[in-house]
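Novice: Construct the complete structure from the given sequences, taking the supplied hints into account.
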Amino acid sequence: MALLDVQNLTVEFPTRRGVLRALDGVSFSIEAGEVLGVVGESGAGKSLTGAAIIGLLEPPGRIAGGRILLEGSRIDDLSQSQLRRIRGRRIGAIFQDPLTTLNPLYSIGRQLIETIRTHLKLSEADARKRAVRWLEEVGIPAAAQRIDAYPHEFSGGQRQRVVIALALCAEPALVIADEPTTALDVSIQAQIIALLKRLARDHGTSVMLITHDMGVIAETADRVAVMYAGRIAEIGPVAEIVRTPAHPYTLGLMGSIPSIEHRVERLAQIDGAMPRLTAIPQGCAFNPRCPRVFARCRIERPDLLPAGATEAACWLHDATIRPLRAAHG
Amino acid sequence: MADETVLEAAGVSRVFDVSSPWLQRTLAREPHRLLRAVDDVSFTIPRGTTLALVGESGCGKSTIARMSVGLLAPSAGDILFEGQPLSAARAQPGLRRRMNMIFQDPYASLNPRWRVRDIVAEPIRAFAMAKSRAEIIERVGALLARVGLSAQDGEKYPHEFSGGQRQRVSIARALSSDPDFLVCDEPTSALDVSVQAQILNLMKDLQRRYGLTYLFISHNLAVVRHMADRLGVMYLGRIVELGPAEEIFRAPRHPYTRLLLDAIPDLAMIGRARAQVGGEVPSPIDPPPGCTFHPRCPLANARCRAEKPAVTLIGASQVACHAVAEGRTEP
Ligand SMILES: Nc1ncnc2c1ncn2[C@@H]1O[C@H](COP(=O)(O)OP(=O)(O)OP(=O)(O)O)[C@@H](O)[C@H]1O
Ligand SMILES: Nc1ncnc2c1ncn2[C@@H]1O[C@H](COP(=O)(O)OP(=O)(O)O)[C@@H](O)[C@H]1O
Ligand code: SF4
Ligand code: SF4
Ligand SMILES: [Mg+2]
Ligand SMILES: [Mg+2]
Numbered sequence: 053m054a055l056l057d058v059q060n061l062t063v064e065f066p067t068r069r070g071v072l073r074a075l076d077g078v079s080f081s082i083e084a085g086e087v088l089g090v091v092g093e094s095g096a097g098k099s100l101t102g103a104a105i106i107g108l109l110e111p112p113g114r115i116a117g118g119r120i121l122l123e124g125s126r127i128d129d130l131s132q133s134q135l136r137r138i139r140g141r142r143i144g145a146i147f148q149d150p151l152t153t154l155n156p157l158y159s160i161g162r163q164l165i166e167t168i169r170t171h172l173k174l175s176e177a178d179a180r181k182r183a184v185r186w187l188e189e190v191g192i193p194a195a196a197q198r199i200d201a202y203p204h205e206f207s208g209g210q211r212q213r214v215v216i217a218l219a220l221c222a223e224p225a226l227v228i229a230d231e232p233t234t235a236l237d238v239s240i241q242a243q244i245i246a247l248l249k250r251l252a253r254d255h256g257t258s259v260m261l262i263t264h265d266m267g268v269i270a271e272t273a274d275r276v277a278v279m280y281a282g283r284i285a286e287i288g289p290v291a292e293i294v295r296t297p298a299h300p301y302t303l304g305l306m307g308s309i310p311s312i313e314h315r316v317e318r319l320a321q322i323d324g325a326m327p328r329l330t331a332i333p334q335g336c337a338f339n340p341r342c343p344r345v346f347a348r349c350r351i352e353r354p355d356l357l358p359a360g361a362t363e364a365a366c367w368l369h370d371a372t373i374r375p376l377r378a379a380h381g
Numbered sequence: 002m003a004d005e006t007v008l009e010a011a012g013v014s015r016v017f018d019v020s021s022p023w024l025q026r027t028l029a030r031e032p033h034r035l036l037r038a039v040d041d042v043s044f045t046i047p048r049g050t051t052l053a054l055v056g057e058s059g060c061g062k063s064t065i066a067r068m069s070v071g072l073l074a075p076s077a078g079d080i081l082f083e084g085q086p087l088s089a090a091r092a093q094p095g096l097r098r099r100m101n102m103i104f105q106d107p108y109a110s111l112n113p114r115w116r117v118r119d120i121v122a123e124p125i126r127a128f129a130m131a132k133s134r135a136e137i138i139e140r141v142g143a144l145l146a147r148v149g150l151s152a153q154d155g156e157k158y159p160h161e162f163s164g165g166q167r168q169r170v171s172i173a174r175a176l177s178s179d180p181d182f183l184v185c186d187e188p189t190s191a192l193d194v195s196v197q198a199q200i201l202n203l204m205k206d207l208q209r210r211y212g213l214t215y216l217f218i219s220h221n222l223a224v225v226r227h228m229a230d231r232l233g234v235m236y237l238g239r240i241v242e243l244g245p246a247e248e249i250f251r252a253p254r255h256p257y258t259r260l261l262l263d264a265i266p267d268l269a270m271i272g273r274a275r276a277q278v279g280g281e282v283p284s285p286i287d288p289p290p291g292c293t294f295h296p297r298c299p300l301a302n303a304r305c306r307a308e309k310p311a312v313t314l315i316g317a318s319q320v321a322c323h324a325v326a327e328g329r330t331e332p
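Protein chains in written order, with this note's numbering: chain U, 53 to 381; chain Y, 2 to 332.
Just so you know, the hints here were simulated from the structure itself, not pulled from any lab data. Hints may be right or wrong, so weigh each one.
Claimed, not checked - Listed next, the stretches of chain U that the computed footprint assigns to chain Y, with coverage defined by at least 3 CB atoms under 8 Å from CB atoms of chain Y: (1) 238–251; (2) 303–315; (3) 347–359.
Said to hold, decoys possible - To give an idea of the chain U side of the interface with chain Y (calculated C-beta under 10 Å), a few residues: (4) Gly92; (5) Gly113; (6) Ile115; (7) Gly209; (8) Thr272; (9) Asp323; (10) Ala325; (11) Met326; (12) Arg328.
We put the beta carbon where it would ideally sit given N, CA and C, even for glycine.
Specialist: In C-alpha cells, the structure reads:
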C-alpha cells in the first residue's frame, strides 16, 4: 500500500463568473521513504495539490471530487480538528517563505516545544531536549544557546532550517515542501536540499517536493510528476522524465532549461503560454502549443497512459489505437 | 570596430549610508554605518558582446547595473560610455537614447494605467524620434512585432498580458529608442523556465540581428552560461573572477567560483551528490577583513585573513585570490 494515494482529485473555486476547475482529475501516489518531485509552470496547480492534501485549501476553494488516502485511510473528508491532529504529526509542511511559517512573537524553541508536545506525550524538559537535538540535526550552530532566540535573529537560510526542524520534529510520515528553497541564495539552496534529503532518508520520511527548479528535482527526487493546466501531464522515474520524456510538453520543458554542463546555441522553445483556468481548450489542454497535435487531441482529453518507463497523458501513447492503425496500413 | 569598447568601469565603488536616523544615532552614540555595496570593480564590454555578472543576493549586481546606465552615481571610480564619462554621455540626448535597461520584474516596471502602445512609445516621444503620430504608431507596431507581439496588442493594458508577454513589452520599450547598449538586470528571474527560454532566445536573436551589447545580470549560472561571452563572478561587492565565460566554466579558478559551480542544481545532476558551500554570505555592512570569502574558503590561511587579494592575470582571466596567485592548493 502506498503511503499517500491521491485519486482523481478535483479542486474547484466557485466565482461570480462560474466555477473554476483548478485541479482536474489528479492521481498519483507516494511510497514510504520516496521523494516525489512536482514540477510545472506557475499556475499549473502544484501548490493547490499540496494544500488539498494537508487540508489547507483557502476558501472558497474546495475538493469537488476524488479521494486522498494516507496509509490507506481517507483524509479528504476529515473535520478541521481531525485535520489539525494530522498536520504536524503525520504530515509536515515546509513553505517557500520561512517567515510565514514561523511566528515572530515566539522564540524558535517555544514553537518547537509546542509542536512536539502537541503531538508527542513528552514533558516540557524532554520536549526541550528533543528540540535542541532537532536544531542540531538541521545544522543550527550552538543550538542549546540559540534555542531561545526569535526568528528575526536568524538568517534566511537558518530560518528555513528551523522550519524544517518544525516540520519534522513530530516525525511525520510525509512532508510536503512547497518551493522550500526558492527564496534562498543558491549556495544556501544546496545546503537546504541536501539537509532535506538526508533527513528524509535517515527518518524514512516521504517527501512531496514542489518546485519549478528542475535542477533541484533532478538531484533530489526519485519520481517526478509534471503538471500542466491543473492535470498531471506525465509521471515517472526522474531519469526517464529528464532524459527520455514521453509527453511533448515534458520534452519541450526539459529542452527549455539551460544547463551548466553544456551550452546550446538556442534553447528549445514552446511557443505561447499555459492557458488560464477560464480558457482551457477542449481535448488535450496542451494541444494549441503541441508540435505533434492531431485531430483527436482537439476533441478528446487523454488520461495518463503507460508510455515506456513513465505514464503520459498524451494520445501518442494510446496502445489501443496504434495496432489498429497498423492493421489498416 | 570589432574590439571597440562600449562600456568601461574603472575602479568603481559605491557606498551607501545605512546609519540610523541622526537623533537615534546621537543618543545611542552609534557611529555612521557605511555599506560598501560595490568595491573597486573594473570591467570592459566590447561592442556586440555580452558581459554577464553572477553572484548571490546582495553582492552588488543591481547596484552595478544602475550605475552602468547612470541611474546611480559611483562613490569612486569612473564609468565610460564609448570613452566618455557616463555623466557627460548622458547629458547628450543622442548618446543617452543609446543605452537602456530591462528590469527583473515585468509587473512593477510597466505603468498599469498606460496602454502598451503608449508605454512603448514613451522613449520615442521623449527623444523626439518620430515626426508624426502616424510614424509613432508605425514604429510601435514594428517594435511589438520585433519582440513577438502584434500591433493590436498595443491597445491592451499590462494586466491583460502574461508574465512573459509583459517582459516582451519591457524589451520593446527598451528597444524603442534604438539603443545599442542594454543593461538587463535578472530579466528572466520572475519567469517560468519555458517562458525564460522564449525571452533568452529573443534576446540572442536581437543581439545577432542588431549588434546589441549587453550587460546581463543573473544569479542563475546556467542562464549565464547560455548568454555570456564574458563572465564576472561577484562576491560581497567585488568581482573575484572575470574572463571568457567558456574558460571560467571549463576551468574555474577562484575558490568561490569553484564552489558555486559545484553547488548549482543542474539537470545533469540526477542522483549525484554535490559539494556544498558551507556558511552564508556575511553582512556587507561588516565584511570580514582580508579576503571577504575567507570564512567559507577551504584554502584560507593567515594571509587571506589579513590582506585583500589583488587581481592576478591568469590566461585570459583575472582572479582575485592569494592561493591562485601563489599557485597554492592547500590552506
Ligand atoms: N539604496 C540603498 N541603500 C542602502 N543599501 C543599499 C541600497 N541599494 C543597495 N543596497 C545594498 O547594497 C548591497 C548590494 O545590493 P544590490 O541590490 O546591488 O544586490 P544584488 O546583487 O543585485 O542582489 P539581488 O540578487 O538580491 O538582486 C546590498 O547589501 C544592498 O542591501
Ligand atoms: N484562491 C483562489 N481563487 C481562484 N483561483 C485560484 C486560487 N488559488 C489558486 N487559484 C488558481 O489555481 C491554479 C493553480 O494554482 P497553484 O496551485 O497555486 O499553482 P502553482 O503552485 O502550480 O503555481 C492557478 O490558475 C491559480 O490562479
Ligand atoms: S494528446 Fe495530442 S496535443 Fe496533447 S500532448 Fe499528446 S500529441 Fe500533443
Ligand atoms: S584569497 Fe584566500 S580566502 Fe580568499 S578565495 Fe583565495 S584562498 Fe580563499
Ligand atoms: Mg505555487
Ligand atoms: Mg538585484
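Novice: Verify the interface restraint on Gly113(U): the C-beta must sit less than 10 Å from at least one C-beta of chain Y.
Specialist: Check failed: Cβ of Gly113(U) comes no nearer than 22 Å to chain Y, outside 10 Å.
Novice: Quick check: the region 238–251 of chain U, covered by chain Y? Criterion 3+ residues, Cβ under 8 Å.
Specialist: holds (count 8)
Novice: Would the hint on Met326(U) stand, with a C-beta cut-off of 10 Å toward chain Y?
Specialist: holds, 8 Å
Novice: Does Asp323(U) hold up as a contact with chain Y if the rule is Cβ-Cβ below 10 Å?
Specialist: This hint holds: Asp323(U) lies near chain Y, its Cβ roughly 7 Å from the closest one there, short of 10 Å.
Novice: In terms of beta carbon proximity below 8 Å, does the region 303–315 of chain U have 3 or more residues touching chain Y?
Specialist: holds (count 11)
Novice: If you take the shortest Cβ to Cβ gap from Ala325(U) to chain Y, is it below 10 Å?
Specialist: Cβ of Ala325(U) sits 5 Å from chain Y, so the hint holds.
Novice: Under the criterion of a CB-CB separation shorter than 10 Å, is Thr272(U) in contact with chain Y as hinted?
Specialist: Hint on Thr272(U): holds, closest Cβ of chain Y at ~8 Å, below 10 Å.
Novice: Just to be careful: measuring from the Cβ of Ile115(U) to every Cβ in chain Y, is the smallest value less than 10 Å?
Specialist: violated, 26 Å
Novice: Is the shortest C-beta separation between Arg328(U) and chain Y less than 10 Å?
Specialist: It holds, given that the least Cβ distance between Arg328(U) and chain Y is near 9 Å, below 10 Å.
Novice: Should the interface hint for Gly209(U) be scored as holding, given a Cβ-Cβ cut-off of 10 Å against chain Y?
Specialist: Nearest chain Y Cβ about 5 Å off; hint holds.
Novice: Can Gly92(U) be said to touch chain Y, with a Cβ gap under 10 Å?
Specialist: Holds - the Cβ of Gly92(U) comes within 10 Å of chain Y, reaching about 9 Å at its closest.
Novice: Are three or more residues of the region 347–359 of chain U within 8 Å, CB to CB, of chain Y?
Specialist: Answer violated; 0 residues pass the 8 Å Cβ test.
Of the numbered hints stated above, those contradicted by the structure are hints 3, 5 and 6, listed in ascending order.
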